[in-house]
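Enquirer: Letter by letter, the chains look like this.
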Amino acid sequence: MLRLYGKIFKTGVITEKVRKPGRPGAEPDEFVQTGEQLKKIVDRRFRGSLAIRQVDAGSCNGCELEIHAVNNAYYDVERFGVHFVASPRHADILMVTGPVSRHMEEALRRTWAATPEPKWVIAVGDCGDCGGEFGVSYASCGAVSNVIPVDLAIPGCPPTPTALLQGLLTLCGRL
Amino acid sequence: MTQDAEINPCHVLSLKLAGSDLAVRPQDPSPLSPAKVLELAAADWGKAAAIAQTEGWRWAGVWAEDRGARLDVRACLEKQGCYLLLQTAVESAQPALPSHAHSYWAAERPERQLQDLFGIRFEDHPDPRRWARHQAWGEAEHPLRKDFPAAGTVSGPTPPDKDYAFLKAQGPSVYEIPVGPVHAGIIEPGHFRFLAVGETVLHLEERLGYVHKGIEKIAEGRDPAGLARLAGRVSGDSTVGHAWAGCMAMERAAGLEIPERAASLRGILAERERVINHLWDLAALCNDVGFAFGYYQFGRLRELWLRENREWFGHRLLMDRIVPGGVAADLAADAAAKMGKSVAKLRRELDELLTILDANSSLEDRFLGAGILSAELAAALGAVGFVGRASGQCFDVRRDAPYAPYDRLQVRVPLETQGDVSSRFWVRYKELRAALRLLEALLQSLPAGAIVAPWIEPAADAQGFAAVEGWRGEILAFVRFAPGNRIARYWPRDPSVVNWPALEKLVLGNIVPDFPVCNKSVNGSYSGHDL
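Order-wise, the sequence lines are chains A and B.
Going by my numbering, the residue at position 42 of the first sequence is 42; the numbering climbs one at a time, nothing skipped.
Going by my numbering, the residue at position 140 of the second sequence is 140; the numbering climbs one at a time, nothing skipped.
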């Protein structure tokens with residue numbers, strides 16, 4: 001047990017902090033600055049708590065890996081008041097990855113219907129944005145906006161954690 | 001019998017089949033070398049599988065091709081690193097075949113997939129329910145037939161799939177728990193139907209196919225670069241593995257040798273993918289039993305490697321780094337030196353974490369004895385990758401059917417025999433260590449030279465088959481070319497296809513709250529399965 005605590009202390013707090021621009025590791029800096037701006041909006045508009053429900057509507061699972069990454073100890077998106085919830089009924093925002101497979105089409109509609117107003121939808125990744133590598137076919141509806149109303153798309157294959165946070169900021173900045 | 005026939009399992013089986021009055025015709029030379037191809041009559045399809053099963057062959061997959069008046073069907077078997085493809089043809093108008101599912105559990109769902117996508121009826125199939133098909137196309141339509149338009153035949157909203165006949169149980173204390181397709185976490189969609197008594201799982205039925213997005217169909221007509229991109233998105237976490245298998249199949253069809261440096265770089269990319277995914281699985285397994293320390297520590301190490309990927313190869317998940325003929329990103333000398341240091345650093349961190357995890361009784365309490373997959377069951381299911389290797393199935397394509405660069409390396413294949421969550425946790429840990437050794441060996445012997453060979457346009461009808469060891473296990477790919485450097489058929493087989501049924505078995509008798517950790521210990525890809 002002592003070893004465990006020793007490792008915790010030795011690792012320290014690795015969550016990336018605001019650093020002066022121009023220092024090495026530009027991406028985390030960008031992430032933190034975006035996050036600070038986002039936090040102000042979340043504090044003001046969402047009483048400090050913005051709830052996101054992620055829905056995989058047909059993705060290759062690449063986008064999920066990067067959405068997961070925004071929760072790791074380096075990015076720790078929760079410090080900005082953003083957290084992922086287990087039910088659409090608790091969500092302010094649906095973060096949907098695509099392309100929307102036809103077999104997930106109705107499940108996505110129902111998830112959207114189960115999300116209380118006011119609600120917003122972010123289509124994540126090139127596939128969610130425009131169908132990406134998969135497009136529209138007998139099995140795929142393509143872009144998320146072909147199935148439910150979308151407020152913002154975050155392109156990328158997959159988008160990086162920083163791009164995901166910038167997307168959130170863009171959306172919240174409009175509200 | 002020549003001495004060669006005694007040692008080559010393909011010859012032995014071929015003789016055995018001929019000896020059982022089956023008309024077999026080996027295709028010589030094999031069009032899918034190094035795999036061997038045995039042609040047989042459709043009527044003998046089931047008998048051949050029964051004989052192969054008694055001879056100890058593993059069933060690895062089945063695919064079909066629309067060849068106009070006939071459908072070609074091939075089943076892939078493996079023994080001692082030899083790949084054998086059984087081949088037959090059925091009439092397109094009334095395609096019917098005996099099922100392999102009586103001899104091989106693993107054949108059950110893939111045959112249902114062929115039934116839905118090609119309209120092949122497996123006459124004596126134990127469970128002829130639909131599998132790939134939900135409600136996006138009709139029962140009489142078969143999307144992988146050439147006359148079925150890629151755009152489909154219906155427009156408008158797709159209805160929900162309401163009438164799938166799940167197994168029902170009756171009795172005063174049995175109840176059902178339907179889970180999914182939308183799950184509670186950041187995870188892919190699928191449906192699990194539990195039958196439970198109290199907290200104990202009496203039965204689990206998986207219903208997959210929710211992320212079927214027509215990969216095989218939209219592969220048709222692509223050029224090689226386009227197919228490599230698509231292959232890299234069969235399952236995003238296995239982008240290197242699938243892109244490699246797809247490219248290797250195309251290169252074999254084209255008769256193209258990739259440069260030595262390209263092969264080594266592919267090896268480095270694949271081992272990095274293995275390390276990153278194993279770290280993530282170790283993290284997630286800790287998370288699923290509430291051990292936050294492990295979750296954050298392994299997640300931290302993973303993030304560091306993702307950042308290195310971005311710095312050295314230009315993409316965090318290494319997508320589109322493998323291209324037909326080689327790789328798209330070279331490794332600079334200074335980056336190679338840095339990678340060597342990073343490997344050593346990760347090993348030190350793992351040493352440190354090992355003692356902490358090993359001494360943690362609460363972790364042991366949840367892992368040990370949970371979700372047992374016996375060695376017998378794993379063999380019967382044909383489980384591959386870490387799921388198989390945690391249950392005594394010691395197979396690894398890199399060692400047993402080696403390809404460049406592994407053919408010049410010593411690949412250590414860790415094995416566990418208990419078959420529980422603990423075994424699947426520790427076998428990953430050991431595989432991680434083995435991958436670090438391979439990375440060092442690859443870095444030390446990185447050949448100089450080109451990283452990509454100029455593409456050679458393959459002849460029309462040229463075909464290729466490949467097997468590579470992805471981080472989840474054996475990945476298979478088949479490619480046939482149409483005239484003009486275009487893909488006529490692409491069939492990828494993710495290891496998840498054979499491992500998903502293992503989850504249904506290993507969760508039996510466990511409590512429902514242990515399902516997440518059991519599921520994560522198998523960690524099947526939904527996308528790689530559904531295609």
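It should be emphasised that the hints constitute simulated quantities derived from the structure, not laboratory data.
Treat each hint with caution, since some may be false.
[Claimed, not checked] Derived DSBU-like pairs (lysine-lysine); straight-line CA-CA distance at most 30 Å:
#1 A:Lys7 with B:Lys146
#2 A:Lys17 with B:Lys338
#3 A:Lys10 with B:Lys16
#4 A:Lys10 with B:Lys341
#5 A:Lys7 with B:Lys47
#6 A:Lys39 with A:Lys10
#7 A:Lys10 with B:Lys505
[As the list claims (entries may be wrong)] For each label pair, taking beta carbons as the anchor points, the in silico distance ranges come out as:
#8 B:Arg348 with A:Ala114: 29 to 35 Å
#9 A:Lys40 with B:Ser173: 33 to 39 Å
#10 A:Glu78 with B:Ala380: 26 to 32 Å
#11 A:Glu78 with B:Val197: 50 to 56 Å
#12 B:Thr153 with A:Arg79: 34 to 40 Å
#13 A:His90 with B:Pro402: 47 to 53 Å
#14 B:Asp365 with A:Glu78: 41 to 47 Å
#15 A:Ala86 with B:Asp330: 41 to 47 Å
#16 A:Ala114 with B:Asp365: 34 to 40 Å
#17 A:His83 with B:Ile511: 26 to 32 Å
#18 A:Arg44 with B:Gln444: 45 to 51 Å
#19 A:Phe9 with B:Gly369: 28 to 34 Å
#20 B:Ala184 with A:Gly48: 45 to 51 Å
Bear in mind the structure is a predicted one, so any value in this text is a computation, not a measurement.
From the three backbone atoms N, C-alpha and C, an ideal C-beta is built for every residue, glycine too.
Enquirer: With reference to the structure, classify each hint as holding or not holding.
Expert: Going down the list of hints, with the structure as the test:
no.	hint	in the structure
1	A:Lys7 with B:Lys146	violated (59 Å)
2	A:Lys17 with B:Lys338	holds (25 Å)
3	A:Lys10 with B:Lys16	violated (63 Å)
4	A:Lys10 with B:Lys341	holds (20 Å)
5	A:Lys7 with B:Lys47	violated (59 Å)
6	A:Lys39 with A:Lys10	holds (29 Å)
7	A:Lys10 with B:Lys505	violated (42 Å)
8	B:Arg348 with A:Ala114: 29 to 35 Å	violated (47 Å)
9	A:Lys40 with B:Ser173: 33 to 39 Å	violated (54 Å)
10	A:Glu78 with B:Ala380: 26 to 32 Å	violated (45 Å)
11	A:Glu78 with B:Val197: 50 to 56 Å	violated (38 Å)
12	B:Thr153 with A:Arg79: 34 to 40 Å	violated (50 Å)
13	A:His90 with B:Pro402: 47 to 53 Å	holds (51 Å)
14	B:Asp365 with A:Glu78: 41 to 47 Å	violated (28 Å)
15	A:Ala86 with B:Asp330: 41 to 47 Å	holds (44 Å)
16	A:Ala114 with B:Asp365: 34 to 40 Å	holds (37 Å)
17	A:His83 with B:Ile511: 26 to 32 Å	holds (28 Å)
18	A:Arg44 with B:Gln444: 45 to 51 Å	violated (56 Å)
19	A:Phe9 with B:Gly369: 28 to 34 Å	holds (33 Å)
20	B:Ala184 with A:Gly48: 45 to 51 Å	violated (23 Å)
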